[in-house]
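**Student:** The lines below spell out each chain.
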Amino acid sequence: MSKGSAVKNHEAAAPPALSPQEILRYSRHLIMPEVGMEGQLKLKAAKVLLIGTGGLGAPLGLYLAAAGVGRLGLVDFDVVDFTNLQRQVTFGTKDVGRPKLEAARERLRDLNPEIQIDLHETKLTSENALDILRPYDIVADGTDNFPTRYLVNDACVLLGKPNVYGSIFRFEGQATVFALADGPCYRCLYPEPPPPGLVPSCAEGGVLGVLPGIVGSIQANETIKLILGAGETLKGRLLVFDALKMRFRELKLRKNPDCPACGTKPTLTKLIDYYEFCGIRGEEAQPAVAVPEIEPKELKRKLDAGEDVFILDVREPHEYQICHINGYLLPLGDLAKRAHELDSARTIVAHCRSGKRSAEAVDFLRKAGFRKVWNLKGGILAWSDQVDPSVPKY
Amino acid sequence: MPKVIIPTPLRQYAGKQEALDLQAKTVGELLQQLVTQYGDLRRHLYTDDGKLRSFVNVYLNDEDIRYLQKESTPVKESDVVSIVPSIAGGRP
Chain A
199 MSKGSAVKNH EAAAPPALSP QEILRYSRHL IMPEVGMEGQ LKLKAAKVLL IGTGGLGAPL
259 GLYLAAAGVG RLGLVDFDVV DFTNLQRQVT FGTKDVGRPK LEAARERLRD LNPEIQIDLH
319 ETKLTSENAL DILRPYDIVA DGTDNFPTRY LVNDACVLLG KPNVYGSIFR FEGQATVFAL
379 ADGPCYRCLY PEPPPPGLVP SCAEGGVLGV LPGIVGSIQA NETIKLILGA GETLKGRLLV
439 FDALKMRFRE LKLRKNPDCP ACGTKPTLTK LIDYYEFCGI RGEEAQPAVA VPEIEPKELK
499 RKLDAGEDVF ILDVREPHEY QICHINGYLL PLGDLAKRAH ELDSARTIVA HCRSGKRSAE
559 AVDFLRKAGF RKVWNLKGGI LAWSDQVDPS VPKY
Chain B
219 MPKVIIPTPL RQYAGKQEAL DLQAKTVGEL LQQLVTQYGD LRRHLYTDDG KLRSFVNVYL
279 NDEDIRYLQK ESTPVKESDV VSIVPSIAGG RP
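Residue numbers (this note's numbering), protein chains in the order written: chain A, 199 to 592; chain B, 219 to 310.
I should point out that these hints are in silico values taken from the structure, not numbers from a laboratory. Treat the hints loosely; a few may be bogus.
Simulated crosslink set (BS3-like; lysine-lysine; CA at most 25 angstroms straight-line) [claimed, not checked]:
id, chain 1, residue 1, chain 2, residue 2
1, A, 500, A, 591
2, A, 240, A, 359
3, A, 450, B, 294
4, B, 243, B, 294
5, A, 359, A, 321
6, A, 433, A, 450
7, A, 498, A, 359
8, A, 453, B, 269
9, A, 453, A, 443
10, A, 443, B, 269
11, A, 453, A, 321
12, A, 292, A, 591
13, B, 288, A, 433
14, A, 359, A, 453
15, B, 234, B, 221
16, B, 288, B, 221
17, A, 423, A, 240
18, A, 433, A, 463
19, A, 443, B, 234
20, B, 243, A, 450
21, A, 463, B, 288
22, A, 535, B, 234
23, A, 450, A, 359
24, A, 453, B, 288
25, A, 321, A, 468
26, B, 243, B, 288
27, A, 450, B, 221
28, A, 245, A, 433
29, A, 495, A, 359
30, A, 495, A, 570
31, A, 450, B, 288
32, A, 359, A, 433
33, A, 443, B, 288
Predicted, not measured: the structure shown is a model, and the values here were computed from it.
Excised from the complex, chain A in its bound form (with noise of 0.2 angstroms):
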């Protein structure tokens, strides 16, 4: 070779192979000629970054660690808590106050112990994303928020690797593989996020256990062909499921022209701002109308004092069976058409499960002539903590 030349130094200079205890462990993929030795090598070699390790990211981490795929990235920063457990199956009561990633990693570890697990612990931002992403070969969107979905979506795009989408809500999934080099990306199919308040979370929605782990079975599937190379994946179409109908639809995904991520003349070059993106000021969200607040103790020290307060439940009728503190109760979205049962003349202090409907309830209330009333400042979650602990949260 003439001097000077760039002689490319490559990294693996022995080939890949699998040791007995793995030829072992990965038996029931090898007999199977849609992986063998080629693909479960394959797999061996692939680096898959997971954000979020939450009730997507369970059946993601398990099923791709048991696979064997070579080297595992987690994205997280949150603390198990008891509420997580309905769904996210990696964590059991022992790990309840621990960090997500901790007990991801012993999970995982102890799952498959040949494989190599990176902790990322920190929240993916705008400043750290690309640096987070670029040493993985697929990324995999478990996140709960959407503008993390956003620069999940715009990062995998400016570095050109797939990104196999998951989400949730209630009974009801999405699955689909974004940004691969001819497919649509997520942009193409929501150019832009709601404004905030409008989509009620699954805090306030709920989501059934389960669902998670279909979808996100279906993403760890996802990431399995497109490392091995076999089959079709969801690129151009988007799975929408119904696990209370037990349905599943597909939707035509088409990759949009004059998309500003992924599109013939895309305009967006680098990372953005997604909290201004998607119209969220600060990490709070806010409540989506401002009104007359009172504080739990204060309520209590007049119910105490004999005050007249009627208090008003705007919660539904089964969160009401979870626990209330004797409240009228009048769904938020049966307001408009019963206000007529209020008396506008009596202090009325309206409360929920955190403040935020019944925010909207004294906004409506207000703005149809009633004066005395006023927002129960944290709900019935801030009442259980600041006044009756007996009061269960949920």
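Put chain B on the given structure of chain A with help from the hints.
**Tutor:** What follows is chain B alone, placed relative to chain A:
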């Protein structure tokens, strides 16, 4: 009659219905009937100036109406119109 499928997050604004049969000639007409019948749904589907919101996609069978004739896309008796809003997951 053409059928419209209401997604889970919007059912609370549509009398908790999962699907409705509505008589209409176009997708736009069908959606107008829907929001006339369920007023609370309007602000979730349309902006204040009456445009379909960009985080709510509408499909005629399996095809996105943005790639057909948008709201003037004709509907047949046997067609299924799906409203598919973006969902993010856990956090607000």
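**Student:** Evaluate each hint against the coordinates.
**Tutor:** We went through each hint and held it up to the structure:
1. Taken as a hint, the residue 500 (chain A) and residue 591 (chain A) pair is honoured in the structure, with Cα atoms around 23 angstroms apart against an allowance of 25 angstroms.
2. Straight-line distance between C-alpha atoms of residue 240 (chain A) and residue 359 (chain A) comes to about 17 angstroms, which keeps the hinted pair within the 25 angstroms bound.
3. Note on residue 450 (chain A) and residue 294 (chain B): the hinted pairing holds, with a Cα-Cα distance of about 19 angstroms set against a maximum of 25 angstroms.
4. With a C-alpha separation of about 7 angstroms, the suggested pair residue 243 (chain B) and residue 294 (chain B) falls inside the 25 angstroms cut-off, and the hint holds.
5. Of the pairs offered as hints, the one joining residue 359 (chain A) and residue 321 (chain A) holds, with about 20 angstroms between alpha carbons and a cut-off of 25 angstroms not exceeded.
6. The straight-line distance between the Cα atoms of residue 433 (chain A) and residue 450 (chain A) is roughly 9 angstroms, inside the 25 angstroms bound, and the hint therefore holds.
7. Between residue 498 (chain A) and residue 359 (chain A), the direct Cα distance comes to roughly 55 angstroms. Violation of the 25 angstroms bound is thereby established for this hinted pair.
8. Restraint check for residue 453 (chain A) and residue 269 (chain B): the C-alpha separation of about 22 angstroms stays at or below 25 angstroms, so the hint holds.
9. With a C-alpha separation of about 30 angstroms, the suggested pair residue 453 (chain A) and residue 443 (chain A) falls outside the 25 angstroms cut-off, and the hint is violated.
10. Between the alpha carbons of residue 443 (chain A) and residue 269 (chain B) the distance comes to roughly 31 angstroms, so the proposed pair goes past 25 angstroms and is violated.
11. For the suggested pair residue 453 (chain A) and residue 321 (chain A), the alpha carbons sit about 29 angstroms apart, so the restraint of at most 25 angstroms is broken.
12. At most 25 angstroms may separate the alpha-carbon atoms for a hinted pair to count; residue 292 (chain A) and residue 591 (chain A) meet this at roughly 20 angstroms.
13. Simply put, residue 288 (chain B) and residue 433 (chain A) have alpha-carbon atoms about 23 angstroms apart, close enough for the 25 angstroms limit, and the pair holds.
14. The hinted pair formed by residue 359 (chain A) and residue 453 (chain A) meets the criterion: a straight-line CA distance of about 16 angstroms does not exceed 25 angstroms.
15. Taking the CA atoms of residue 234 (chain B) and residue 221 (chain B), the gap is about 16 angstroms. The hint holds against a cut of 25 angstroms.
16. At most 25 angstroms may separate the alpha-carbon atoms for a hinted pair to count; residue 288 (chain B) and residue 221 (chain B) meet this at roughly 17 angstroms.
17. A distance of roughly 11 angstroms separates the Cα atoms of residue 423 (chain A) and residue 240 (chain A); the hinted pair therefore holds under the 25 angstroms criterion.
18. About 21 angstroms separates the Cα atoms of residue 433 (chain A) and residue 463 (chain A), which keeps this hinted pair within 25 angstroms; it holds.
19. The hinted pair formed by residue 443 (chain A) and residue 234 (chain B) meets the criterion: a straight-line CA distance of about 15 angstroms does not exceed 25 angstroms.
20. The suggested pairing of residue 243 (chain B) with residue 450 (chain A) holds, with an alpha-carbon distance near 22 angstroms, which does not exceed 25 angstroms.
21. With a CA separation close to 23 angstroms, the supplied pair residue 463 (chain A) and residue 288 (chain B) stays within the 25 angstroms bound.
22. Annotation: proposed proximity of residue 535 (chain A) to residue 234 (chain B) holds, straight-line Cα distance about 16 angstroms (limit 25 angstroms).
23. Simply put, residue 450 (chain A) and residue 359 (chain A) have alpha-carbon atoms about 21 angstroms apart, close enough for the 25 angstroms limit, and the pair holds.
24. Between residue 453 (chain A) and residue 288 (chain B) the CA atoms are separated by roughly 16 angstroms; this keeps the pair inside 25 angstroms, and the hint holds.
25. A distance of roughly 18 angstroms separates the Cα atoms of residue 321 (chain A) and residue 468 (chain A); the hinted pair therefore holds under the 25 angstroms criterion.
26. Proposed proximity of residue 243 (chain B) and residue 288 (chain B) is supported: the alpha carbons are some 13 angstroms apart, at most 25 angstroms.
27. For the hint pairing residue 450 (chain A) with residue 221 (chain B), the CA-to-CA distance comes to about 19 angstroms; that is within 25 angstroms, so the pair holds.
28. Between residue 245 (chain A) and residue 433 (chain A) the alpha-carbon distance is near 20 angstroms, which keeps this suggested pair within the 25 angstroms criterion.
29. A distance of roughly 52 angstroms separates the Cα atoms of residue 495 (chain A) and residue 359 (chain A); the hinted pair therefore is violated under the 25 angstroms criterion.
30. With a C-alpha separation of about 18 angstroms, the suggested pairing of residue 495 (chain A) with residue 570 (chain A) holds against the 25 angstroms cut-off.
31. Distance hint between residue 450 (chain A) and residue 288 (chain B) is fulfilled; the C-alpha atoms sit about 15 angstroms from each other, no more than 25 angstroms.
32. Between residue 359 (chain A) and residue 433 (chain A), the direct Cα distance comes to roughly 13 angstroms. Compliance with the 25 angstroms bound is thereby established for this hinted pair.
33. Taking the CA atoms of residue 443 (chain A) and residue 288 (chain B), the gap is about 29 angstroms. The hint is violated against a cut of 25 angstroms.
Hint check: violations occur at hints 7, 9, 10, 11, 29 and 33; the rest are consistent with the structure.
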